[in-house]
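Chain by chain, the residues run as shown.
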Amino acid sequence: MKQYFKYIAILALGIVSCEPEFDNPVDEAGAYSNGEADFSRYVALGNSLTAGYADNALYITGQENSYPNILAQQFDKTQDIEEFTIPFMSDNAGGLLAGGNQITNNRLVLSVVDGDTLPRVYTGMQPTTEVGNVQQGPFSNMGVPGAKSYHLGAQGYGNIQGVAVGTANPYFARFASEPNASVMEDALAQDPTFFSLWIGNNDVLGYARSGGTGEYQLNNLEPSTYGENDITDPNVFASVYSEMVQALAANASGGVLINIPDVASVPFFTRVPVNAIPLDAQTAGALNQQFSAYNTQVLPGLVQAGFITAEEAQNRQINFAEGQNYVTLQDESLTDISQAIQGAPFNLDPQTAGLLSQLRQATPTDLIPLTSSGFLGTPVGDNPNMINGVSVPLGDEHVLTNAEQELIRDATDRYNQVISGLAQANGLAFVDANAMLNTLATDGISYDGGFVTSEFVTGGAFSLDGIHLTPRGNAIVSNRIIDAINDTYNADVPEVNVGSYGTVTYSNEVQ
Amino acid sequence: MKKLLFLGLFGLMAAVTYAGGYRVSLQGQRSLAMGHTGVAVVNNAELAFFNPAGLVYLEDKINLAAGASAVFSNVKYQNSEFGISSETDSPVGTPFYAYGSYRVNDWLTLGLAAYTPYGSTVEWPTDWAGSHLVNNIDLQAIYIQALASVKISDKLSVGGGPIYVNGSVNFNRNLNRTLTDVDGNRSNVTVDASGVSAFGWSASAMYNATEDLRFGINYRSEIMVEAEGGDATFRNVPNSPLTPFQNTEFDAALPMPAELSVGLSYQLLDKWLFAFDYNMTYWDVYESLDIDFANATPDSNNPRNYKNSSSYRFGLQYFANETVTLRVGYYFDESPVQSGYFAPETPRNDAHGFTGGLSLHVSNRFSIDAAFLYNRYEEIDESYNYYTENGETVPFEGTYKTSAFIPGLGVTYKL
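For the record, the sequence lines run as chains W and D.
Per the numbering used here: the first sequence = residues 1 to 511.
Per the numbering used here: the second sequence = residues 1 to 415.
FYI, nobody ran anything at the bench for these hints, they're computed from the structure.
Since we're looking at a predicted model, the values are computed, not measured.
The hints are all genuine.
Quick partial rundown of chain W residues pointing at chain D, CB under 10 Å, derived from the structure:
no.	residue
1	PRO25
2	VAL26
3	VAL109
4	MET125
5	ASP448
6	GLY499
To give an idea of the chain W side of the interface with chain D (calculated C-beta under 8 Å), a few residues:
no.	residue
7	GLU21
8	TYR122
9	GLY450
Glycine included, each C-beta is placed from N, C-alpha and C at the ideal position.
Please model the entire structure based on the sequences and the hints provided.
The structure is reproduced here in C-alpha cells:
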C-alpha cells in the first residue's frame, strides 16, 4: 500500500515542477536589450533635478523617485548592473543640519489651513540629516542640489569647512570622497560605463529666482567672480561643459545629455498671474485719481523736457479698472526720474518722487516668482493707502521682467546649442527637456490617467516648489531619456508606467 | 517517509485556484479523481454533495466520507511594455468535506454534510503593480447541510435539504495607484468580516434507467452572503483633510451562485464505470463587488459582470482488485470572467483539469481515498477596465498564467 503513496508523491513532484511559465518572461535575460550601451556602471551627474530634490528639499522618497534611479531600475531589466547607489538623506523631512543647527528648510507639503489649500513647510518631524556625517561612497547618483555647470569640476566644492562661508555645497559635503574632491573626480573615479549629464539649469535659474537682481556675466570668463544670482557666460558654460563631456565619454560606452528648459515654462514663474490685483470700480477710480497728475502732467512734461521719450512715457502710464489689474513695479531699465520731478515745474516731495522714480505697470510678458505671491496686495506698515503692487510698486526682486527674461533666453539658447552640438559630435543620446517642458506647459503630456501638465499643484509634473519635478514628472523625463537611449544605442529598454508615480504629498503637520 | 515527501511538496508551491470564479470544486476525493463527476454515481457518502437523492441507494446503514485537499497554486503576472512582473505567494488552501448518511428504513435515508464549495486565497506582493485592485484576499465559506433522501421506486429517488453557510472575508488593497503618507508608505484599506451567516437549499433526483445506466440532476440554490458591520481599517493615510479616510464599518454582499448539475454514469464489463457531468454555475448574479462604508468614505464599486459558466466533466473508474480502485478524469471549466473584467483578485481563465486517484480498501468497512488535480491554464493577455482615477478609467493590463496542483486525501467508512 505504501507503494501507491510513493507513486502519487512522485507523480506530484513531476507536475509541481511545471510551474506557470510565460512564453516570453520579462524577468529573464533576453527579454530586453541594452543594445550598444553598457549600463553596468551608470553614473548620473547634475544638480537638484538629478538628485531627486523636490518640494524645496532633498528627502529619501524624492531620491528614490529621481530619474537616474528610475533609469537604473529599467537598465537592470536589460543586463546585469552594479547596484545604483544613492547618498540617501536620513529622513523624509528634508532639512539639513550643520553642527546640529538647521541650515535648510524642511520639505513643503500640501496642507489645508483655514480653508486655504497651500504648500506649507512640513513640521511633522525634526530634520536629522547632519551635513558633517559624511556618507561612504562611491555613489552612482552624483546629483548635487544647487550646482552650476562650473561647480562640478571645482575642487573643494564638497569641503565642509567652506559650507558656512558659501564656497562649498552642503549636499556635496555629505558625500564627497575627500574635502578637496570635485564632483567630476568622484564620478570619473568610478570608471562609469554609461553616464547622464543634466547641468546648467542653475546657471540661469539663480538669476531668474532672484527676480533678475543679478547680472548676465557676458564675456566675464572668471566664474569665481560671479554672484549666486548671476547668469553664467555662455563661453564659460561651453568650455566647462565640453571638458566634462570629453572626460566622461572617453571611457564610457555611451551617455545621455539633457538640455536646459525655459525657466518661464515652470509654475514657479507662471503660477502667480501678473494681473493679480482685483479692484472694484470705486477703488480703481480712486487710484486713477491718485495717478491722474502723473499720467496727464508729469509724464507729458518729462517728454516735453526731452527727459524721456514719448514711447517710454506711454509704457509708464498707470491705469486701473474694475476687475483684475496688472501690478505696478520698479523697472530698473527705465529712466530714473526721481530727481527731475522734485524740481520745477513738478515740485514733488522726495517720497512720492521715489515711488515714481522707475514706475510702470506690468504687461502680460512680465513674470512674478511664486515666492512673491504672499507679498502682493499687502499694506506697507498697516497703511491702507500703501498697497504693495498697487500704490507701492514692487521691487526688482518681485518681478522677472520681459527684458530680464530675454537675457535668460539668450543664455539658455546658447547653452542648449552647446549641449546638442556636443551630443551630436560625440554620438551621445540627447534629450530636449526644453521642448518637453514647453509641451507640459501648453498641451500637457498624456498618460493612462489623463494628462500631466505644468499646472501648479494639480498638474502632476511639478512639486510644491514649482521648479522641481514630482515622481511623475521624473517618470516622464525617464521615458524621454529611455526613448533617446533606445534610438541612439539600438537598445530596447522598457519605459515606465507614468501613472504609477505619485505627485504631491498631503499633510497637515505644518506650523 | 511518505509524509516527508508530501510535506516537501507542500512547501514548494503557493496557493489559489481550482475552478471558475471563486468556486472550489473539491468536494470528494473519489469524485475528484474522476474529473469531479458524481451527480449520477453511487459510490460513497460523497453523494451528500453531488446528489443527495442517491444516498438512499447506498448499501450500508451508515456511510461516512471525509477528506481534505491541499491547494497549491501560482499566478504570475507580467506587463512587457514596462517590464513588470509579479507572482502570488499565497498560503496553501485546505478545502475539506465531511459527509454522513444513516438509513432509517428502506425508503428513507437521512444525512449531514459539511463542505467548502466557495473560497479564494490570493496574496500578491504588497504594493505590486495591481495593488490598487488587490494586495490580498481570503474568502471562506463553510456549508453545513441537513439531508433527506427518499426512494420513490427502485428506479427513482429524490433528495435535498436546507443549507446553513458561515462565511468570512478579509480583503486588502491600496487606495489608489499613488497615494502615500509623508514617508512614502502606500495608503491602503483592509475590510474584514467573519461569522457571516446565510441560508440556502439543494434538491436533487436520481433515475436508474437500467442496472448499468443512471441519470442524476442536482440543484444548489444561490446564497447571498451579506456582511454587515464588518471592519474597514485604513492604514498609511496622510494626515490631511484632503484624504479623510477614517476607520469605519462596511456592508458588502458576495453571491455564492446557484449551480445545476446533470449527468449520467454507465457501468461496463463489471470493472469499469464511466461518468459524465455537466455543471452550470449561475455566475451572472455577480454583477459588482460593492463596499458600502458607514462613514463619509466614498463607497467602492467594482464591476464584475460575470457570466454563467459551464463545466464538462468526464471520469472513469476501474476496480483493479479487492483492495484497489483506480480513477482518472478530465474536465473543461469555463471561466465566468468576461474579457475586460479580468481582476487580479480572481485571475481565472478557462481551465483544463486533469485528475487521477485511487482508493485502497483497507477492510470491508474502511477505505483510503486519494486524488490529485492538475489544472492547466493557457497564458492570457487580459485587462481590468473599470478602475477609475480622477474620473478617468485606467485599465490594468498584462499577461497572466496560472497553474494549480491539488493533492487530496480522504477516508470512506461504512457500517
